[in-house]
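Hey, can you work out the whole structure from these sequences and the hints?
Each chain, letter by letter, is given below.
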Amino acid sequence: MDCKRAKGLVLSDYTDGVLRGHALEELELHLRSCSSCRRLAEGVTSTGELLKSAARVDAPQAVWNRIRAEISRILIKEGFVETVLERIRYGLYHLRPTVMATAAIIVLIFVLATARFVSYMNYSAALSVREDIVNMVSLNGEERGSGEYDIGTSAETFFL
Amino acid sequence: MREIAKEIIELAAGGDISAFEEIYKAFSSTVYTVALGVTRDSRDAEEVTQDVFLKAFRGLKRFKFGSSLGTWIYRITVNTAINVYRSGARRRAFGMVDYDEIKDSVPDLRNTSKEEIEKRHAAESVDRILKDLSFEHRSCIVLREIEGLDYKEMAQVLGIPINTVRSRLKRARAAMVTCAKREGLNHGL
Ligand SMILES: [Zn+2]
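These protein sequence lines are chains L and Z, in that order. For reference, each letter of the first sequence is one residue, going 50 to 209 in this note's numbering. For reference, each letter of the second sequence is one residue, going -7 to 181 in this note's numbering.
Don't take every hint at face value.
Pairs of lysine-lysine residues, derived as PhoX-like cross-links and limited to a Cα-Cα distance of at most 25 Å, are as follows [stated by the list, open to error]:
(1) K162/Z / K56/L
(2) K173/Z / K53/L
(3) K101/L / K111/Z
(4) K173/Z / K56/L
Hints in this document: simulated from the structure, not taken from any laboratory.
Here it is, written out as structure tokens:
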């Protein structure tokens, strides 16, 4: 066996204990006669042992505390979403008539309120338009008093 | 590689926090050791550990029992460590290093036993050896020498064929021995 092949096996299968049979016998024979490959084998083994003995460390307790807190947050959020979805599903499947009736009443109230609001807005718009006209007229020399008197009736005609 | 009972995994996947704590206890030192081994920075290693277990918690529901939980966690660890290491390297390149923390981490050797001092020297040598290696070589060395994974497990964790594991390990170990020699270890080399 030449040094190139021997070193390749030393850096992998031989050191990891998976070299078997004839290849192992050949390598062991080579190592007995070649000090360069033997030193490499010793170096790989001793450095590996040094790493194994010194490099294992436990994670600080603070890490678990942070993970636990984050998981609790995730669970609360998921739980909240699930509850809301569950309520909507329950409402749709079991309370359909009630939900529909309530929705219908709410829509009706909303429509009525909107209608009232729109008509009120139109009424005030009519008032201000009428006032502008009155002001313009009074600027033209007519008496302001007569204009103010007319507002009520004019607003009525505006709507009719 | 340590394994966890199927029932525990299912409980944890369903949101049982004490079941998840069992998984954490079984794998946290592995995850932290690998993370520290490849990033060589304790803050990065903490960030990796936190990320890995949060990813694991979210991913447990999708976990297939055909593969081993250990392999799966190693895989997430190595991939997360690469990302954190890269962003950490950027952070360090911009000089955002906490010098107070470095000052605090310098050990006080006055009241320490001889054994403790030797242990610290060994840890410092390990740190310097690993720091000299590329990220790729480091992850190989950490999984094989520190974690004791076999070639098949390494192939699964790193997502590469077994022959690639072997050739990468050869180069990584050759680099490792060269670093150790530079460190004054293995005087005969
Ligand atoms: Zn030789």
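Hint by hint, here is what the structure shows:
Restraint check for K162/Z and K56/L: the C-alpha separation of about 9 Å stays at or below 25 Å, so the hint holds. Between K173/Z and K53/L the CA atoms are separated by roughly 20 Å; this keeps the pair inside 25 Å, and the hint holds. Restraint check for K101/L and K111/Z: satisfied, since their Cα atoms lie roughly 12 Å apart, inside the 25 Å limit. A hinted pair counts as satisfied when its Cα atoms are at most 25 Å apart, and K173/Z with K56/L qualifies at roughly 17 Å.
Checked against the numbered hints above, the structure violates none of them.
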